[in-house]
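**Q** Read off the chains here:
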Amino acid sequence: MHVHFLDPYRPGQSPIHKLDSRVKFVLTLAFIFAAALTPTGAWAIYILLLALVLGVEVLSELRVGYVLKRAALALPFILAALPIVFTMPGEPRFILSIGPWALTASLPGLERFISIAIKSWVSVQAAIVLASTTEFPDLLMAMRAVRVPRLLVSIFGLMWRYLFVLADEAIRLMRARLSRSGVSDQAGLKPGGSLAWRARVTGGMAGSLFVRAFERSDRIYMAMLARGYDGEARSEPLQALSGASWVVLALSLFTLLALLVFALLFWA
Amino acid sequence: MHHSIEIDHLSFSYPDGHAALRQVTMHIQPGEKVALVGPNGAGKSTLILHLNGILTGQGEIRVAGLPVTKPNLGKVRARVGLVFQNPDDQLFSPTVYEDVAFGPLYQGFPPAEVRQRVAEALTVVNMRNYEKRISHHLSAGEKKRIAIATVLSMKPEVLVLDEPTAGLDPRARRSLIQLLQELPLTMLVSTHDMHMVKEIFPRMIIMDEGRIVADGPTDLLMQNEELLCAHGLEKP
Ligand SMILES: Nc1ncnc2c1ncn2[C@@H]1O[C@H](COP(=O)(O)OP(=O)(O)OP(=O)(O)O)[C@@H](O)[C@H]1O
Ligand SMILES: [Mg+2]
Numbered sequence: 001m002h003v004h005f006l007d008p009y010r011p012g013q014s015p016i017h018k019l020d021s022r023v024k025f026v027l028t029l030a031f032i033f034a035a036a037l038t039p040t041g042a043w044a045i046y047i048l049l050l051a052l053v054l055g056v057e058v059l060s061e062l063r064v065g066y067v068l069k070r071a072a073l074a075l076p077f078i079l080a081a082l083p084i085v086f087t088m089p090g091e092p093r094f095i096l097s098i099g100p101w102a103l104t105a106s107l108p109g110l111e112r113f114i115s116i117a118i119k120s121w122v123s124v125q126a127a128i129v130l131a132s133t134t135e136f137p138d139l140l141m142a143m144r145a146v147r148v149p150r151l152l153v154s155i156f157g158l159m160w161r162y163l164f165v166l167a168d169e170a171i172r173l174m175r176a177r178l179s180r181s182g183v184s185d186q187a188g189l190k191p192g193g194s195l196a197w198r199a200r201v202t203g204g205m206a207g208s209l210f211v212r213a214f215e216r217s218d219r220i221y222m223a224m225l226a227r228g229y230d231g232e233a234r235s236e237p238l239q240a241l242s243g244a245s246w247v248v249l250a251l252s253l254f255t256l257l258a259l260l261v262f263a264l265l266f267w268a
Numbered sequence: 001m002h003h004s005i006e007i008d009h010l011s012f013s014y015p016d017g018h019a020a021l022r023q024v025t026m027h028i029q030p031g032e033k034v035a036l037v038g039p040n041g042a043g044k045s046t047l048i049l050h051l052n053g054i055l056t057g058q059g060e061i062r063v064a065g066l067p068v069t070k071p072n073l074g075k076v077r078a079r080v081g082l083v084f085q086n087p088d089d090q091l092f093s094p095t096v097y098e099d100v101a102f103g104p105l106y107q108g109f110p111p112a113e114v115r116q117r118v119a120e121a122l123t124v125v126n127m128r129n130y131e132k133r134i135s136h137h138l139s140a141g142e143k144k145r146i147a148i149a150t151v152l153s154m155k156p157e158v159l160v161l162d163e164p165t166a167g168l169d170p171r172a173r174r175s176l177i178q179l180l181q182e183l184p185l186t187m188l189v190s191t192h193d194m195h196m197v198k199e200i201f202p203r204m205i206i207m208d209e210g211r212i213v214a215d216g217p218t219d220l221l222m223q224n225e226e227l228l229c230a231h232g233l234e235k236p
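Protein chains in written order, with the working numbering: chain A, 1 to 268; chain B, 1 to 236.
It is worth saying that the hints were derived from the structure and are not from the lab. Treat the hints loosely; a few may be bogus.
Computed far set for chain B versus chain A, every beta-carbon distance over 10 Å [stated by the list, open to error]:
| no. | residue |
| --- | --- |
| 1 | S11 |
| 2 | Q23 |
| 3 | G31 |
| 4 | Q90 |
| 5 | E98 |
| 6 | G103 |
| 7 | E120 |
| 8 | A140 |
| 9 | K143 |
| 10 | H192 |
| 11 | E199 |
| 12 | V213 |
| 13 | C229 |
| 14 | H231 |
Some chain A residues near chain B, calculated using beta-carbon distances under 8 Å [what the hints assert, rightly or not]:
| no. | residue |
| --- | --- |
| 15 | A80 |
| 16 | I84 |
| 17 | A176 |
| 18 | R180 |
| 19 | K190 |
| 20 | P191 |
| 21 | V201 |
| 22 | T202 |
| 23 | G204 |
| 24 | G207 |
| 25 | S208 |
| 26 | V211 |
The beta-carbon is built from N, C-alpha and C at its ideal position, and this holds for glycine as well.
The task is simple: from the sequences and hints, build the whole structure.
**A** Structure, rendered in structure tokens:
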């Protein structure tokens, strides 16, 4: 029994899929930094950043609609920035009255909010493209390559692995229950049981899931110890980056840097 | 009386594209006890999961007179007692009692009858004192026995077991064999235990690579060492 739906990776043969995962990882981080450092209100730069990420989406053959749909998941978090609209000092734009309160939206506040929204939106898209075109083990390799602490990388790795184990376990429990949820032919019996009983069964299953996950992690740890694990994650040495990858990396980094410098010069 | 199993041209592929069943056809008469054997990965468990609609492939399946289709699943599941290969796939309640009681409670039987069925089922598998125990703290063999009890308490017409003797000690295995021999149910039992096959199953079906490669009287097929050997089996 295996779950696939959790994995954001979409298999493909596009140039973006084939790009070295280290290059993708570094460029995604650089893109997100560049977006974050771009000053408020640098609309032209935002458009360029958006064009860049959309271009990569098209190249990656992921279907732009798919990425945008996934990116919508970030919307609720953007709302957290909403208070800025009303708290930044500046020229009042409009007044929102809720009952006895009147909130004054300022122009700088509004500008700031929209900037944050756009920046988060393009950043999330970049992260989605990375996750959808790179298999997780490759992503872990990339993290190691840029010297993310090994312990952290192995924690990510185990988390990823056991997320699926846990989901599998949940599916098994549900399958087992389904398998014995029969409807008798005997007249006068009402199948399904009472609501309270069903709730109790479900509660018991949730408890079982937790205990099983807990005990399984214990067993896995023992199995790791049995094979000589001493708390230090080791791994094979990394392959050298190919010349072409270096060129892609350098050119892209340069483009991002140029965009950022441009933005800082004209808008900061 | 129609507790038969009829499978016609069943094919199934897992989501990753692996074709686990190819054109499987078998007909099992009411009351017949049939062993399903074959090497690891032959598709036995996959086939078994089709018998109460957990997996659905292409082809036709009728169990106990009912087509295994969505509207019938409830009834089918009441008539077919299916024991998974891994008992951890079977037990989902905190205590043994709750697990064994689940089937009859779900069907809506009155509490007194449920209690009696649980007691009976646990007695049959020699686990009468385990009612209050926590399911996931049992040993592998104990879990297996409880897993079998969870379907016996439903009093099914058709019993489908996936490797019921794996992990049992000789005494538990012996009493399970005796139980299977005595139960007047239609049975399809997947197993690697060729001694048990010889002892209690008059008919044997050999699967390999998702296909049925032989289907016939156990005595006859067991004579054919070449056939057994070709499909990773051993003469007992
Ligand atoms: N969830 C799954 N996804 C993909 N392939 C699977 C899945 N489950 C089983 N398979 C494959 O299907 C084939 C049949 O598996 P199945 O579990 O039915 O074998 P089996 O005959 O029960 O073997 P065993 O004797 O080891 O229990 C195997 O090749 C297996 O690798
Ligand atoms: Mg199996």
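**Q** If a hint holds in the structure, say so; if it doesn't, say that too.
**A** Hints, verified against the model:
1. S11: 20 Å, holds
2. Q23: 24 Å, holds
3. G31: Given that every Cβ of chain A is farther than 10 Å from that of G31(B), nearest at about 19 Å, it holds.
4. Q90: 5 Å, violated
5. E98: Non-interface label on E98(B) violated, nearest chain A Cβ at 6 Å vs cutoff 10 Å.
6. G103: 4 Å, violated
7. E120: 16 Å, holds
8. A140: Non-interface label on A140(B) holds, nearest chain A Cβ at 13 Å vs cutoff 10 Å.
9. K143: The claim holds: K143(B) sits with its nearest Cβ about 12 Å from chain A, beyond 10 Å.
10. H192: 21 Å, holds
11. E199: Given a closest Cβ separation of 28 Å, the condition holds.
12. V213: At roughly 26 Å from the nearest Cβ of chain A, V213(B) sits farther out than 10 Å, so the non-interface label holds.
13. C229: Answer for C229(B): holds, closest chain A Cβ roughly 32 Å.
14. H231: 26 Å, holds
15. A80: With a minimum Cβ separation of about 37 Å from chain B (threshold 8 Å), the hint on A80(A) is violated.
16. I84: Nearest chain B Cβ about 45 Å off; hint violated.
17. A176: 5 Å, holds
18. R180: 4 Å, holds
19. K190: Nearest chain B Cβ about 5 Å off; hint holds.
20. P191: 5 Å, holds
21. V201: 7 Å, holds
22. T202: With Cβ-Cβ at 10 Å, over 8 Å, it is violated.
23. G204: 5 Å, holds
24. G207: 6 Å, holds
25. S208: 6 Å, holds
26. V211: With a minimum Cβ separation of about 6 Å from chain B (threshold 8 Å), the hint on V211(A) holds.
Going down the numbered hints, you'll see the structure goes against 4, 5, 6, 15, 16, 22, while the others check out.
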